[in-house]
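Please model the complete structure; the sequences and the hints are all you need to start from.
Chains as they are written, first to last, in numbering that gives the first Met the number 0: chain A, 0 to 503; chain B, 0 to 503; chain C, 0 to 503; chain D, 0 to 503.
Keep in mind the hints are simulated off the structure, nothing from the lab.
Nothing here was measured: the structure is a model prediction, and the numbers come from that model.
Incorrect hints may have been included.
Copies of the same chain look alike in the list, so a pair counts if it works inside one copy or between any two.
[Said to hold, decoys possible] Here are the simulated lysine-lysine pairs, DSSO-like style, with alpha carbons at most 30 Å apart:
| id | residue 1 | residue 2 |
| --- | --- | --- |
| 1 | K131 | K152 |
| 2 | K144 | K131 |
| 3 | K173 | K266 |
| 4 | K389 | K402 |
| 5 | K503 | K364 |
| 6 | K266 | K99 |
| 7 | K362 | K492 |
| 8 | K495 | K99 |
| 9 | K144 | K503 |
| 10 | K78 | K395 |
| 11 | K152 | K173 |
| 12 | K402 | K492 |
| 13 | K130 | K88 |
| 14 | K173 | K503 |
| 15 | K266 | K503 |
| 16 | K152 | K402 |
| 17 | K144 | K362 |
| 18 | K173 | K364 |
| 19 | K362 | K173 |
| 20 | K362 | K389 |
| 21 | K362 | K266 |
There are 4 protein chains.
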Amino acid sequence: MSFFAAMRFLILMATLGSRVTVVRIPASIYHRWMMIWHLLLAATTLAQDTPTEREAAHDVIRKMGQLETSLDVPALVAKMTAPNADREKTAGRARELMEKELLAMADDITKHPEIGFEETRSVGILTAYLKKHGFEITPGVADLKTAFVARYKGSHDHPALGVILEYDALRGTKGPFHGDQHSAQGPVGMAAAIAIAELMERTHAPGSITVFGTPGEEMMPPVAKTQMFDAGVFKGIDVLVRSHSSPSTQRPGAGFGSCCLNIDGVKYTFSGAPSHQMMPWDGRNALEAVIHLFVNIDAVRASIRPEARIQGIITEGGAAPNVVPDRTAADFYIRYPDEVYLAQVREFTDNAARAAALATGTKVKIDNYGRMRDGVSSATLAELAFAYMKHFGGTKVDEAPGKPQGFDETGSVSSAIPGIGFSAATTNAPYHTYGMETDALAEIGHQGFVVDAQAMTALLYDFLTRGDYRAAVQKEFDGIRVLFDEYRDSLRKVYKNPEVPEPK
Amino acid sequence: MSFFAAMRFLILMATLGSRVTVVRIPASIYHRWMMIWHLLLAATTLAQDTPTEREAAHDVIRKMGQLETSLDVPALVAKMTAPNADREKTAGRARELMEKELLAMADDITKHPEIGFEETRSVGILTAYLKKHGFEITPGVADLKTAFVARYKGSHDHPALGVILEYDALRGTKGPFHGDQHSAQGPVGMAAAIAIAELMERTHAPGSITVFGTPGEEMMPPVAKTQMFDAGVFKGIDVLVRSHSSPSTQRPGAGFGSCCLNIDGVKYTFSGAPSHQMMPWDGRNALEAVIHLFVNIDAVRASIRPEARIQGIITEGGAAPNVVPDRTAADFYIRYPDEVYLAQVREFTDNAARAAALATGTKVKIDNYGRMRDGVSSATLAELAFAYMKHFGGTKVDEAPGKPQGFDETGSVSSAIPGIGFSAATTNAPYHTYGMETDALAEIGHQGFVVDAQAMTALLYDFLTRGDYRAAVQKEFDGIRVLFDEYRDSLRKVYKNPEVPEPK
Amino acid sequence: MSFFAAMRFLILMATLGSRVTVVRIPASIYHRWMMIWHLLLAATTLAQDTPTEREAAHDVIRKMGQLETSLDVPALVAKMTAPNADREKTAGRARELMEKELLAMADDITKHPEIGFEETRSVGILTAYLKKHGFEITPGVADLKTAFVARYKGSHDHPALGVILEYDALRGTKGPFHGDQHSAQGPVGMAAAIAIAELMERTHAPGSITVFGTPGEEMMPPVAKTQMFDAGVFKGIDVLVRSHSSPSTQRPGAGFGSCCLNIDGVKYTFSGAPSHQMMPWDGRNALEAVIHLFVNIDAVRASIRPEARIQGIITEGGAAPNVVPDRTAADFYIRYPDEVYLAQVREFTDNAARAAALATGTKVKIDNYGRMRDGVSSATLAELAFAYMKHFGGTKVDEAPGKPQGFDETGSVSSAIPGIGFSAATTNAPYHTYGMETDALAEIGHQGFVVDAQAMTALLYDFLTRGDYRAAVQKEFDGIRVLFDEYRDSLRKVYKNPEVPEPK
Amino acid sequence: MSFFAAMRFLILMATLGSRVTVVRIPASIYHRWMMIWHLLLAATTLAQDTPTEREAAHDVIRKMGQLETSLDVPALVAKMTAPNADREKTAGRARELMEKELLAMADDITKHPEIGFEETRSVGILTAYLKKHGFEITPGVADLKTAFVARYKGSHDHPALGVILEYDALRGTKGPFHGDQHSAQGPVGMAAAIAIAELMERTHAPGSITVFGTPGEEMMPPVAKTQMFDAGVFKGIDVLVRSHSSPSTQRPGAGFGSCCLNIDGVKYTFSGAPSHQMMPWDGRNALEAVIHLFVNIDAVRASIRPEARIQGIITEGGAAPNVVPDRTAADFYIRYPDEVYLAQVREFTDNAARAAALATGTKVKIDNYGRMRDGVSSATLAELAFAYMKHFGGTKVDEAPGKPQGFDETGSVSSAIPGIGFSAATTNAPYHTYGMETDALAEIGHQGFVVDAQAMTALLYDFLTRGDYRAAVQKEFDGIRVLFDEYRDSLRKVYKNPEVPEPK
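Right, here's the structure in full:
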């Protein structure tokens, strides 16, 4: 974290230098500057957390630089953000909806928090509003009670625009609360979707607009967006947008990555045989098994690269002290910066479980109930979104490009469909705090939500109406996906298991 | 278990032989026989489960034989059981109460099972009945909601007779059930208590009769009888009786011991420091601590005598896999045949917990929430109870004296106050089964409960009315207590910790 | 140990009683006495150490009693030990050899101790002497440098008599020493073998006499006698005798068993991959593997019957602290009273090793380098040997029959060929002490060695010359072997693995 | 490693840029460039391996930049390296000694490798040569048999120049070998020392020259240089030089640091109580203790910052499988990038040992037999040394400044006395290889050794003759030491132990 902060500082200085020199120093020098800048940029804006990853990514970084250079994103953004009254009008409609009705709705949802997969009241409010504005609702998609799809009636053509809504609250010690401001995502997304829908209606522009209600962002299992993606819910969508609250107006980097490492959520369940404590040899102890799952993992921590994070809890630890426990379970989050070595880490932890069962005469079931992976982030979308957030009044602007990460927390959707998250400043508090909930009801929250709604509308306007922009987005997205594959291939070559000879 | 069965077989043969030879072989031979018989008897009827214990008990066994010989229990029993119409009449009153009202009450309680410390309905029924028959109720004694004392009004003198009732059901997977037939103990005990109370009323015999309602026999913590004893509830009582269902009409051995080893119930609670999984070094992992409590205990299992039984469960194993667990807990039953070495075993397990905390940077709290210890069993009471159970029709008679064990499961009461449990055959099923619950409602149960009620009444009658019997009971009880102390002293000399030199 | 001591005490009393009563009490009483006596005898003289074993052996014990009763050993011994001048003369020749030459040779070997498999000097002395007395030497049998066979020239017929010699010294902290007096076994056995050889020569009695030099009794691997047996070295021998020093003149019990449980000696070797400490993830840690072999075994100690003894050491624990260890090894002795459950214990320990390898990404080799098993001991041989040892002046006589155990420490030979060990008192020190070495050179040692030599000669005389005796020995041996098989079958039914369902 | 490689690449590019721009772009731009360059330089050339360290070092980095800027090292180096015939002549004398005698001596020592603390032959050759050239030898200093001090006779004044020699070989599987070319360090250092001694003689320049023979660089314990330093052997010396073979001509960075983290070498010895395997409860198992030392460390690996490297071996793992082990030992290298957090890591590992003893009833001795710490490296010495190595023909020049690290492997000496190591390219093989030994005898080795000898002579010449240079060296050294202290203070504030509340 502090490492990236340090790197950003260097980049800012370099950027400053380059700007000054643009007009004064010869092209050859400028060219060198740019190379350095791109390298530094690439170094931070790719997902390479470890020396090994950075080494493996050497070529990919270079090609990513070439890709970005070829797209000339600054010029593209300049072109798109040129004055356009119609776009301003459409964005203005989103602001109007927010101010008249939707900020109040956001406040209401904030005050009635519901945790993941139980957001029935919130979903009722959102779908009623969408229905009223001409959207057709398909509830309970992908076997998720509080997931829904709302397609604007009659819209079916390409470009197919999608807006993702979230609405689940956090689990607090004092009950559910909206400490991550998901309460406002529904109103923000609906403001944009309705403004665009009305635009389509008005202009008969080809295209469609669909709203996706996605439950339980803060929980797994199930991994809602992955389950929806696997069920084909997002099929045919050309671009997806989403808003998310933030302590600053953020500028996502381009590339692939995730905020908090790639994650496997795994449950290990052991069965043994019960027996009275007086004759334990007639039983098989499932508690010893789950204990030795942990002990076995500890035994190989030093044999696993130090960037891994393996953490578990014991969810079932036996029923009574005078009976040999015959059923126990543990829940693990297993993380690594990249999914290639993560698979090796999983092999270690799964073998730890198998070994625990083998040693204790018990049996184990391994359930990989959830996966979080790198998503894709495009500069063509991110830089335009950033420009619009600033344009519409985003405060506390952070110019430094962040680590790239997809617009969805699972990576399932964002690695398959281009898209972007809008994060105008909406709070002075850190993530996941009661302060953030308070800010959702305050001026800072309201102001930021309206910025997000307008910026989202403006970007969707451009995507709907400008074929050149769509082409650039698609070109970049395809390019990054190819590089992402190249990167994983490269990692696969690096991460070899050491050879262990037969003992003599 | 099978070992003791085998030994009993030998004893029976020897006993048989001795009886036959009494009149036919010379005194010297008879003397030898008796020595062997006493040795064999002592070998089984004392609590010495291990070679070390048997060696330490060598002198105690000899003195126990002398004590029993000096009491001449068979002659005493023969004297007490001589025909007595008044005793029969009193016992008959107990049978009458059973048959008229109390078997039905037992059935009712059987059908409305309540687990330990929640037996409010059962206690309501029992105390109402006692009140109706002239007992004064003190509810909620010793801070236990469903414990009570019921003293027969006006009775306050010595001999002070006490009757222990139990009424808690088992915790079954399908809810509470009376698989140990505690449901009948209230009715049986009340029948005897009321019959004796009416006798006192009628004869103005000096003495008092008190009924003790003791909850939660099947659960700890709290250890109800110990808590009641420590609160002085049983103070001043001269003899205590209790019934308990059984698959056979049993003959308890004399001495000290427990059914299932001496037990310490201990809860180990660990506190650490929470931290997000991404930065676990900012936390201290309480789950690792509790895991290593188990691992540390396993590490010394081979250094602990093999008769120990140490078994635990993890009752709190962490809250969420992405947060370093900051609080965990384990619950252990720690058992050993004698309490002297049990203290050494506890030192091992407590050190295992302290070491786990030390190694993981966490803290531990050790809560020894319950203790089960050897109780005292007197032949003067046991042999008379056995004779009466046979007299009143006890079926499935097992003539072999069982391992001595006190009349209460904690040893707290039975090692301090003389007493006896009545166990006429009341079931064809093993302990702790649904079959036993069914039998409580059937003829076999009813028949045995009535036997217990009458035998209990008869023994209380003798104790109330015969000073010579009370003196013999007291002499034996005092003698066994002295030997019990001697035995523990002897063990303390045997169980030395090995000397460990400083490492060089 | 103390348990058996206690039981012996009871038996002695019973035995004493029975003798007295034989003439005085009626047959019915005597009969009961005898039943008890046999039961008690069986209880001690079989190898059943655990309740489960005793239960499984119930029928076998009964049949063993029937077998022994049918043989009427006391009568057989009385018949054999009747005065016989020729036998005395033959035994006298053995004494003469001892006194003239062989005690001096024993002293010499005592003073030049050589540890197992390095006894070249001792073997040289012994074989030279045998050669001089007409034996043909085959050195280095069964691939053991210091093993040999010495067959008396021309002798080839049945009955084939065999004498086992041992000569290895103990490994002391100050070098090899004869703290177990194996130094005298060669001289004792040779005295008997030569006396018998000369008898054959003189009488032309059919039969043969062979001396077996067996190295390394105190060491494994290799397990010398098992290796010799497997190589067919003892093929065709009808009876084997051996002497062994002892603090008392001992009376071995009849049946099957071993002194110190059945044993598997197992070496576990792990291989990993080396790596510098700075990058341990490029290696696989074989030290963690061997550590977790121990930890895994500890994890199931409570799931293994408490009579097991599993103890190991780490013989290779890594080479340098800054390199991930790529090779480690542990050496275990795994013991259980019977070989049937021992196989289950081995499955636990082998799985502990496999699990350790699986969890750590290493590989394991399992080498069961040695096995010690129950041997067979026959009353027809033991009681006659005991009678002769007393006859020739054995001191410090212990009348109580010991736990049955074969005449060889591995059980390989003694469970296949009838035989007996002679243990007249030769020392006042415990086994494996410097005191025992000193006594080998003193009067107490010399006196006992001469007793052993004569008793051995006398028994071999009887076996050579008396067909009825040979038949009785064979009948008992065959009977015990059948019962041994029955016992193991019975155990196999008892020791079931608990069923473990698939986890849900 | 690859991370630093990547950073160097960036720096090289930036450096290249700056050179070009120096003459073309305005001062303001140049100034910015320089700031960036210094930041980047600082980022790599300080010892901050972790984000936390870099954060803690923020101010120190800035001040280090100021210090280096104030010294204007490039100008200093330019001034010192200006043509000087006398210096060239002196360096030429060193070359002459190498070519005439000392390369042959190096070859001889290479061919007669001796491992650490056994280098008697090598020391004999070196001291004889020094004696012949007027040095007075003090052998066996600091209780180290193969350590020595050789002071040039009559020289006693300041500046006091010191030359460190090493001569130990590596421990190979096939015996000792000179795979790190220490064999040449004696000749190289002596060539310089004698050339300077002759200069002093000739010019009567005030000052002294002392040669330090330091054994066992590749081994501990003992940590030879620390032991010598603590014994005052280096007292009063103003500058120390040393050569070391290298695959390239290296340019050490300025600051403080170590090649391979700060290290504590610790031996943990456990004592228990022995007992036969049959009665393990009479013993205390020291093997379980050492095993649980490892297991306890594994339990907290996730609670320790991931840059730690903790690796151990079991050096004593028990004597025999049938005896409870009563003595075991483990040897650990414990590493962390800085010594402040290393102390916390040590607390974890020491507590792991204490907890293992507590849990197993054994005792532990903790012996911290060796410490390796950050040393100080000065640009005033390093840049001049680098310039001279290039001047005298150093090949395979690596212009990128390396991570700063002291001239001695322990840090004890280099953090107290200014000094520098000379590393001209002398091999094509990696460190610690047979290839490196071969190269010591080949042209590439010989050529490099002669470069080192001359460069060392030249730098000593400057230090001896130029007060301004000495002042600059001292100023930098003092400044870095102050910053080093500041850095450690800053770290002490960062590394807090988490608060653990009492469990409730």
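Structure versus earlier hints - violations, ascending order: Those not satisfied are hints 6, 8, 11, 16, 17 and 20.
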